[in-house]
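Student: Knowing the structure of chain B, use the given hints to seat chain H on it.
Spelled out from the first residue to the last, the chains are:
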Amino acid sequence: MEWLQQLVNGISIGSIYALIALGYTMVYGIIKLINFAHGDVFMIGAFIGFWAISRWDIGFLPALLLAMVICAVLGVIIERVAYKRLRNSTRIAALITAIGVSLLIENLMIFFRGAQSAVYPATIENKAINVFGAQISSLSLLILGVSIFLMLLLQFIVHKTKIGKAMRAVSHDAEAAKLMGINVDNTISATFAIGSALAGAAGVIFGLYYTRIDPLMGIVPGIKAFIAAVLGGIGSIPGAMVGGMLLGVVETFVSAMGFSSWRDAAAFLILIIILIFKPSGLFGKNTREKV
Amino acid sequence: MGKMRYTKKFGSLALVGVLASSVLAACGDDNGGNSAGDGDTIKIGANLELSGGVATYGSSILDGAELAVKEINENGGIDGKEIELISADNKSENAEATSAALKLIEQDNVVAMIGPATSGNTVATVELAAENKVPLVTASGTAPNVTVNDSGDVNEYAFRTCFIDPFQGTVAANFATEELSAKNVAIFADNASDYAKGLAKSFKEQIEKNGGTVVAEEAYVAKDTDFRTQLTNLKGKNPDFIFIPGYYEEVGLIVKQARELGLDVPLMGADGWDSPTLVELAGGDALNDTFITNHYSSEDPDEKIQKFVEAFKSENGDTAPNAFNALGYDTVYYLADAIGRADELTGEAIKDALADTKDLSLVTGTFSVDENHNPVKSATVLEFVDGAQVFNSKIDPQ
Chain B
1 MEWLQQLVNG ISIGSIYALI ALGYTMVYGI IKLINFAHGD VFMIGAFIGF WAISRWDIGF
61 LPALLLAMVI CAVLGVIIER VAYKRLRNST RIAALITAIG VSLLIENLMI FFRGAQSAVY
121 PATIENKAIN VFGAQISSLS LLILGVSIFL MLLLQFIVHK TKIGKAMRAV SHDAEAAKLM
181 GINVDNTISA TFAIGSALAG AAGVIFGLYY TRIDPLMGIV PGIKAFIAAV LGGIGSIPGA
241 MVGGMLLGVV ETFVSAMGFS SWRDAAAFLI LIIILIFKPS GLFGKNTREK V
Chain H
292 MGKMRYTKKF GSLALVGVLA SSVLAACGDD NGGNSAGDGD TIKIGANLEL SGGVATYGSS
352 ILDGAELAVK EINENGGIDG KEIELISADN KSENAEATSA ALKLIEQDNV VAMIGPATSG
412 NTVATVELAA ENKVPLVTAS GTAPNVTVND SGDVNEYAFR TCFIDPFQGT VAANFATEEL
472 SAKNVAIFAD NASDYAKGLA KSFKEQIEKN GGTVVAEEAY VAKDTDFRTQ LTNLKGKNPD
532 FIFIPGYYEE VGLIVKQARE LGLDVPLMGA DGWDSPTLVE LAGGDALNDT FITNHYSSED
592 PDEKIQKFVE AFKSENGDTA PNAFNALGYD TVYYLADAIG RADELTGEAI KDALADTKDL
652 SLVTGTFSVD ENHNPVKSAT VLEFVDGAQV FNSKIDPQ
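Protein sequence lines correspond, in order, to chains B and H.
Residues 1 to 291, numbered by the numbering used here, are exactly what the first sequence covers, in order.
Residues 292 to 689, numbered by the numbering used here, are exactly what the second sequence covers, in order.
Isolated chain B (complex conformation):
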């Protein structure tokens, strides 16, 4: 039952990719910006969770909520300070700013606490559950549960609430939305807040599952999540979820077939293939780019 085990392994990492990918895709959907600082918000989330659990001893769920709230605020601050004034500049200017913000957050973190890694405390007892010969850890079930819950919550917010409706409207046509009386600035801020909160949650979950966190931990998962978002169709929320899961499973199976050194190469190959043959991704709308 090795394959079942590998599938579980793949879905666990995939659900973390998916949570981060959601933030990428939401921000891209609304202001057409690839927010490269998103991986670092994920890192900050992991550290908030770490401090909350190890120093203030408040348990997993409160720590998760705290990380989400602080990351949401951080996301809004980043948007207001760095991106808002560039909204009418070229997209490359905003992209470069995003990379700058990313480096700033990483290095501030290193400046304040050093580059060494921290070890997540074991707050939740991790039992192995044997299912058809596969060892499924209770932690990976928890990760999957929390991820799915957050994704359902997001779907609810986007499709059933007023702010969700505003987000969809701004994403569709910001000018028209403004004419209809929608506060575009607040809507964009809300998008950043929600996306960053999800990244913060992913950070806490990542720390709990993989134990080791450090100030540069956001880079690789950030890029992988970006690939996941492109794979699913950037701008599409269900696409980000499916893309994340799919990428996690593909990576795992590439390793499982004995090509573990090719795992990252496979992820980037997917990115290249998607960009060449189906740039709109699996779930993306086939619209011609507006200039």
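Quick caveat, the hints were computed from the structure, so don't treat them as lab data.
Just so we're clear, the structure is a prediction, and the values are computed from it rather than from any experiment.
The C-beta atom is built at its ideal place from N, Cα and C for all residues, glycine as well.
There may be inaccurate statements among the hints.
Said to hold, decoys possible - Now the stretches of chain B that chain H is said to cover, found in silico as 3 or more residues with beta-carbon under 8 Å: (1) 4–16; (2) 110–116; (3) 252–260.
Tutor: Below, chain H alone, put in the same frame as chain B:
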């Protein structure tokens, strides 16, 4: 306005002044030549990983080295001259290791250097050491190519206090065959590190010589966090022993994830595992039934070792010294011995004296330096019991 302009002007004048004086100062240094030999102190540089991924190695070496320097200075120094240890942080990165070495050589005018803790960082500084004729002794860089370059020539100015990788791999293989009766072994190595690849190669050669079979080989890359895929693959091959050469940051997670997946066989690694962080990452339970080869054990009953342990504990708040502490300590004594025997206080003379070291009795074993600048000494096997390293056995060279 006028005042502001004045300040600005004054500022730039001051700046010019500062620049000029620093240039002059630099010139003065150059004219003075190698000032390490002048005065009452002997300057030794320590280019170490004081922050970054393997910060615990570097700071452990520094603690050990500082103790040795203190002891030597209290006993009258080397020929009446005190040792001055100057440390520089290389942030666990190759490029930073090079600039730290440059700083020690150019600005601090050290006469010899304690090299970085890892092989990769040390290799990055070897050429600089040779160009500037400043001997470099790494405490724990175990890759063969630290002292011997790729074309097989000895790097004249590079030395080490520790044994080399192939030896640790050989010891691990012998231990697996003889003590654990392992027949079908697996190897899980860091594909991006020369250290891990070197160990894996010599382990494989020796285990096959001993009549064992390598049933599976898997690889990972440093900074990975998810090893479950490869471990699941390994589990499918049913090995009775897994050799995991690598560094603690990844190994801690590997051991934890292996046990979670129900891989209960003995695991073994080398000195790269030696860090308190390993125990934090993996947890004491998961580490049971794992072994490492190491340079030394603080529980070794040997008298010289116990004396060192006592001295270290009284300096460092009752913490028992780890192997890196011991190697850092030995590195200073190794250098001091050579500086004492050197004809004059120049890099060239010290380098010759280092190469001539014979039967020097140190904490990590009595050693002589062979023609490749590698010490010939013994290795220790340690077992993890509930998170603590317990002395298992000592294995002599050959």
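Student: Now, for every hint given, state plainly whether the structure supports it.
Tutor: Each hint, compared with the structure:
1. 4–16: holds (count 6)
2. 110–116: holds (count 3)
3. 252–260: holds (count 5)
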